[in-house]
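Could you put the whole structure together from the sequences, leaning on the hints where they help?
Here's the letter readout for the chains.
2 protein chains.
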Amino acid sequence: MVTKQEILALIGPELQKIEAVLKNNFQSYVPFINQVSQYILFAGGKRLRPLLMILSTRLCGSKTTEQSYRLSVLFEYLHAATLLHDDVVDEARFRRGRQAAHHLWGNQAVILVGDFLYSRAIRIAVEEGNMDILDVISRTTTLMSEGEVLQLLNLDNVELTEEDYYEVIYRKTAVLISAACEVGAIHANRDGWQRESLKQYGKFLGYAFQITDDLLDYTGVKAETGKDIGNDFKEGKVTLPFILALEEAQPEDRQKLLFLIKKKGAVSKADFDEACKLIEKYDGFSRTREKAALFIKKALEELGKFEPSPTRELLEKLTHFVLIRKN
Amino acid sequence: MVTKQEILALIGPELQKIEAVLKNNFQSYVPFINQVSQYILFAGGKRLRPLLMILSTRLCGSKTTEQSYRLSVLFEYLHAATLLHDDVVDEARFRRGRQAAHHLWGNQAVILVGDFLYSRAIRIAVEEGNMDILDVISRTTTLMSEGEVLQLLNLDNVELTEEDYYEVIYRKTAVLISAACEVGAIHANRDGWQRESLKQYGKFLGYAFQITDDLLDYTGVKAETGKDIGNDFKEGKVTLPFILALEEAQPEDRQKLLFLIKKKGAVSKADFDEACKLIEKYDGFSRTREKAALFIKKALEELGKFEPSPTRELLEKLTHFVLIRKN
Numbered sequence: 217m218v219t220k221q222e223i224l225a226l227i228g229p230e231l232q233k234i235e236a237v238l239k240n241n242f243q244s245y246v247p248f249i250n251q252v253s254q255y256i257l258f259a260g261g262k263r264l265r266p267l268l269m270i271l272s273t274r275l276c277g278s279k280t281t282e283q284s285y286r287l288s289v290l291f292e293y294l295h296a297a298t299l300l301h302d303d304v305v306d307e308a309r310f311r312r313g314r315q316a317a318h319h320l321w322g323n324q325a326v327i328l329v330g331d332f333l334y335s336r337a338i339r340i341a342v343e344e345g346n347m348d349i350l351d352v353i354s355r356t357t358t359l360m361s362e363g364e365v366l367q368l369l370n371l372d373n374v375e376l377t378e379e380d381y382y383e384v385i386y387r388k389t390a391v392l393i394s395a396a397c398e399v400g401a402i403h404a405n406r407d408g409w410q411r412e413s414l415k416q417y418g419k420f421l422g423y424a425f426q427i428t429d430d431l432l433d434y435t436g437v438k439a440e441t442g443k444d445i446g447n448d449f450k451e452g453k454v455t456l457p458f459i460l461a462l463e464e465a466q467p468e469d470r471q472k473l474l475f476l477i478k479k480k481g482a483v484s485k486a487d488f489d490e491a492c493k494l495i496e497k498y499d500g501f502s503r504t505r506e507k508a509a510l511f512i513k514k515a516l517e518e519l520g521k522f523e524p525s526p527t528r529e530l531l532e533k534l535t536h537f538v539l540i541r542k543n
Numbered sequence: 217m218v219t220k221q222e223i224l225a226l227i228g229p230e231l232q233k234i235e236a237v238l239k240n241n242f243q244s245y246v247p248f249i250n251q252v253s254q255y256i257l258f259a260g261g262k263r264l265r266p267l268l269m270i271l272s273t274r275l276c277g278s279k280t281t282e283q284s285y286r287l288s289v290l291f292e293y294l295h296a297a298t299l300l301h302d303d304v305v306d307e308a309r310f311r312r313g314r315q316a317a318h319h320l321w322g323n324q325a326v327i328l329v330g331d332f333l334y335s336r337a338i339r340i341a342v343e344e345g346n347m348d349i350l351d352v353i354s355r356t357t358t359l360m361s362e363g364e365v366l367q368l369l370n371l372d373n374v375e376l377t378e379e380d381y382y383e384v385i386y387r388k389t390a391v392l393i394s395a396a397c398e399v400g401a402i403h404a405n406r407d408g409w410q411r412e413s414l415k416q417y418g419k420f421l422g423y424a425f426q427i428t429d430d431l432l433d434y435t436g437v438k439a440e441t442g443k444d445i446g447n448d449f450k451e452g453k454v455t456l457p458f459i460l461a462l463e464e465a466q467p468e469d470r471q472k473l474l475f476l477i478k479k480k481g482a483v484s485k486a487d488f489d490e491a492c493k494l495i496e497k498y499d500g501f502s503r504t505r506e507k508a509a510l511f512i513k514k515a516l517e518e519l520g521k522f523e524p525s526p527t528r529e530l531l532e533k534l535t536h537f538v539l540i541r542k543n
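Residue numbers (my numbering), protein chains in the order written: chain A, 217 to 543; chain B, 217 to 543.
Everything labelled a hint here was simulated from the structure, so no lab data went into it. Glycine included, C-beta positions come from ideal geometry on N, C-alpha and C. Each hint can be trusted.
Here chain B is said to cover these stretches of chain A; the calculated rule only asks that three of the stretch's residues, wherever they fall, bring their Cβ under 8 Å from a Cβ of chain B: (1) 244–256; (2) 330–339; (3) 343–352; (4) 362–369.
Here are the computed lysine-lysine pairs in the BS3-like style, where the Cα-Cα straight-line distance is at most 30 Å: (5) A:Lys388 to B:Lys239; (6) B:Lys279 to B:Lys262; (7) B:Lys514 to B:Lys497; (8) B:Lys233 to B:Lys262; (9) B:Lys388 to A:Lys239; (10) A:Lys279 to A:Lys262.
Here it is, written out as structure tokens:
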């Protein structure tokens, strides 16, 4: 079994380079923008998206250069921009164990700094001067922004189907991870099956990643995840464990689950514990874990199409790790 | 003297084509996004930015095609996106005589639909496939988002200088109008002095446009502007009439002006009238009008570098009209 320490040791050199580019490359004319951006950018993010772009380029047999790292951070900017807008929209109190940015600087500033980071990301893609990359990025951001709206509209829809849920997490998470991997292939000048495989790989990994995230909102520990547990539930946000349990639940348990999630802001610790017990009763958590495992399997199949290499092995370990991560 | 009716008759055919493209070209997979977008896009906007792009292309001697109109609407999307985020940030109640979108759908939805419109604008630029255009657009949006933050930070700065003010309105308004004109030239394959002149023309026109807008916030009539009068003043937003009056004011009047604008939410009708009288006393309004006229003069000088043509004449009329507009 791969451990977090092992992964971190393997990706350490890459992460250092990504951090360096993030630190050096980021400058706004407005010091306040730097302050808010740095708060969100240097809050212990995993740099998963830049890392995946870099490893994807390398998986295609191409060397990564300074330019590759400069390009890779656009995915962190895009991610940070969506986190900022998300937190305002979700009214989240915590992000990665610290106060959400809008609690420190107000919604207004945070909306605008999100806009800035988004512009900055597009600017990096333009500076790269590759129209295929811009095509991927602009499709991705359109899908993502539609996804955010869908998620907001679905907030009161407690009858969300498994299929609806996949549509939401595709746009919320999978499409950006998929874009990072696809852009890695484009950056390596691979426009054929490698580009397609990496796009698919990223998508499946993204699904697994978000499903695990949603599971941790039920079964995680705040000290590890850095987020309030049960936050989604208290917002009435329906995710896979709930959906899978609801499908199987007896009428009485079904009514109970629906009643509890509709309480939203009024959900007590006891309510949440009761919901967890009901979800557990119908194997909602274990079946969610199985679904995530299925996506991991599909992701690994895509990696398997590439020649064995240390990069492939590293990506495989990273992919396995998504399932067992605690934050 | 050019009249609004005359201008509208002259630009009518262009406006119709722009409206048609806006109506047909706009589709999100999410009906709610269409609803919010249409509310802001079809709220009686002047289509100034798409129109300027089209006329700039034509001023360069190039024919405009369906593709030109498709490209032009990206400037309306960008403009609408900033209006949506602005209204949330400003907590505005009215926009173009109707309730601001966030009062109908909530801040959350409006932030996200703004993000969508922004993505859509970038997507149109990518579909055009011209890296120079993308370069202009991505620089522009970065400057604009920084400008929005600057404006927010300056809200409590009642000692804003005339120079600071120009910096704010450059980023808030002039840079996008400038970009629309510059892109018009690029679209006509003019990369030399025409591109530079149209960029400058748009900038000067943008300054004049925003100065007039800020003047109308003092001297306008709600039935004509569709906005609350004195809104900026009540937010403590310092604009040119106030700055120019403050520079000249006797110590006592100066203190009075500063006292009144700092009251913000507590500003009464009588307070606002008193501020207007003081600004009038130091010729704040007439001197603001003179500054706008100076920028109009500079804008016309740029147009004068082009050969005389019906398009140049039309642009000159439009440019003059900015000074006398009532909304």
